[in-house]
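The opening position of the sequence shown corresponds to residue 6 in the working numbering, with each subsequent residue numbered one higher.
Hints were generated in silico from the structure; no laboratory data involved. Honestly, I wouldn't trust all of these hints.
DSS-like mimics (lysine-lysine), calculated; alpha carbons at most 27 Å apart, straight line [claimed, not checked]:
#1 Lys-93 - Lys-10
#2 Lys-101 - Lys-10
#3 Lys-97 - Lys-10
In this text, all values refer to a predicted model and were calculated from it rather than measured experimentally.
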Amino acid sequence: MSSGKPVDPTRAAESNLCWILGVTAAFHGLALILVGLRVYIRLAIVRSFGKDDAMIVMSALCALLGGMVTYIVAALHGLGCHADTIPKEYYKEYLKMTFIQAIVSTIGAHVIGDLHVVREF
């Protein structure tokens, strides 16, 4: 959040955005490929799509929406930059995206945790 003090231009130009988005995209891509392979195997080869498969798809969608999409939107509002170099109006939107990301990712994690319950019954 930029204040009245002048910010060092070198510090303001620093960003870890490429690193953050690259690592996040790589792991989300790997997870989506694995979920896609599981769904393909269950539908095409085993011909049995159960509740646990549906829950894994729901969890993958939560990861995609809660992880990648919110990170991309947050990138437009200061993700990867020093907090004191981000304008206040951008910082508010950035905080909103990180809040949404935390909630949706938590829902996805709980869906995965509930798989153990579904498999027991």
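Verification of the hints:
no.: 1; hint: Lys-93 - Lys-10; result: 14 Å, holds
no.: 2; hint: Lys-101 - Lys-10; result: 25 Å, holds
no.: 3; hint: Lys-97 - Lys-10; result: 19 Å, holds
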